[in-house]
Amino acid sequence: MCGNLSAPTLIWMSTAPADPVTPTPSLDSDHLATYWMTINGDKNRYKLRLRFYDDKPDSPVFFEIKRRMDKIMLKQRCGVRKEAVPLILAGQLPSPAHMLSPDPKHLVAIQRFLELSQALDASPKVHVAYLREAWIDHQSDAIRVTFDRRVLGEIEPTTRFCTEMTHPVQPFGREVILELKFTDRFPNWLREMVERFGLMQCGAAKYCECVDLIGDERLGTKLRQRAEIPREEEPL
Numbered sequence: 215m216c217g218n219l220s221a222p223t224l225i226w227m228s229t230a231p232a233d234p235v236t237p238t239p240s241l242d243s244d245h246l247a248t249y250w251m252t253i254n255g256d257k258n259r260y261k262l263r264l265r266f267y268d269d270k271p272d273s274p275v276f277f278e279i280k281r282r283m284d285k286i287m288l289k290q291r292c293g294v295r296k297e298a299v300p301l302i303l304a305g306q307l308p309s310p311a312h313m314l315s316p317d318p319k320h321l322v323a324i325q326r327f328l329e330l331s332q333a334l335d336a337s338p339k340v341h342v343a344y345l346r347e348a349w350i351d352h353q354s355d356a357i358r359v360t361f362d363r364r365v366l367g368e369i370e371p372t373t374r375f376c377t378e379m380t381h382p383v384q385p386f387g388r389e390v391i392l393e394l395k396f397t398d399r400f401p402n403w404l405r406e407m408v409e410r411f412g413l414m415q416c417g418a419a420k421y422c423e424c425v426d427l428i429g430d431e432r433l434g435t436k437l438r439q440r441a442e443i444p445r446e447e448e449p450l
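So the number in this note's numbering is just where the residue sits in the sequence shown, counting from 1, plus 214.
Read the hints as simulated data drawn from the structure, not as lab findings. Any given hint could turn out to be false.
Unchecked claim - With a Cα cut of at most 16 Å, we get these calculated EDC-like pairs of lysine to aspartate or glutamate: (1) K296 / D284; (2) K289 / D355; (3) K270 / E297; (4) K285 / E393; (5) K289 / E406; (6) K395 / E329; (7) K395 / E431; (8) K296 / D268; (9) K395 / E406; (10) K395 / D355; (11) K296 / D256; (12) K280 / E393; (13) K280 / D256; (14) K296 / D272; (15) K395 / D351; (16) K285 / D256; (17) K289 / D272; (18) K289 / E393; (19) K319 / E278; (20) K280 / D351; (21) K257 / D284; (22) K285 / E423; (23) K270 / E378.
I would like the entire structure built from these sequences, with the hints used as guidance.
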C-alpha cells in the first residue's frame, strides 16, 4: 500500500461497477436505546441494521447485528430475499427459500436479530448511506481496510430499499473515515502504517452522528405515523 511497508497484497473489492453505495437502514426503539448505548459509552452494546446495495427488487438484504464487547467488535449477518423483509420485521423467521445460504450460522444470526429487535420493539429509524472503498487480503478475509466517503443520513421509517435521498444530513462533511479491520491480532504492517502516518483512533458512529443532526426528538413515537405521508420532494 505504501513504500517499504511489509504489507500483503490487497485487492479492491467493489459492490458496484463504480462509486459503490452502502445504504444501511438502522433500527432502534422509540426511545433510541441503541443510540443511547453508544452515547453513554456502554462497553457491551449492539446495533441492528439492514444492508442492501441497490434498488433492484430481486437483490438481497442483509440483516446485521454489530456488537461491541469492550474493545472487540463482532458481527452476525444473514442474507435474505427482499420479499421476505416485511414478514421478518413482523417477527417471522424466513423460510429456507428466502434464505441466501443454508449455513446454520445465518439462521442463528436472524434468530438473534429477531430476539433483540423484539425486545426493543425496534423499527427503522434512519437511512444511512456512504461511498465505500474496500481493500481485502487476496489470500483470506482476515484483513480489511475501508475508506468511507460522503456519509449521508435521513429519517426513514419504512423499508423502501431506495438508494435515493431527499434532504439528508452529512455529519462528517468531506472527511474520510478509515477503518482497519482484522481477525485475531493487529498485523505488524498495519501498526507500521498507523505509526508512519500518525493516525489516531477515534469514534465515527455514523448512525449516532446522523441522529444528532436530525434531532433525536424527531425519531420517537410519532415517526411511524409519518411513514404514510406522501413524498413530494425531488430526490437528491
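#### Entry: Structure versus earlier hints, numbers of those that do not hold, lowest first
1, 5, 6, 7, 11, 17, 20, 22
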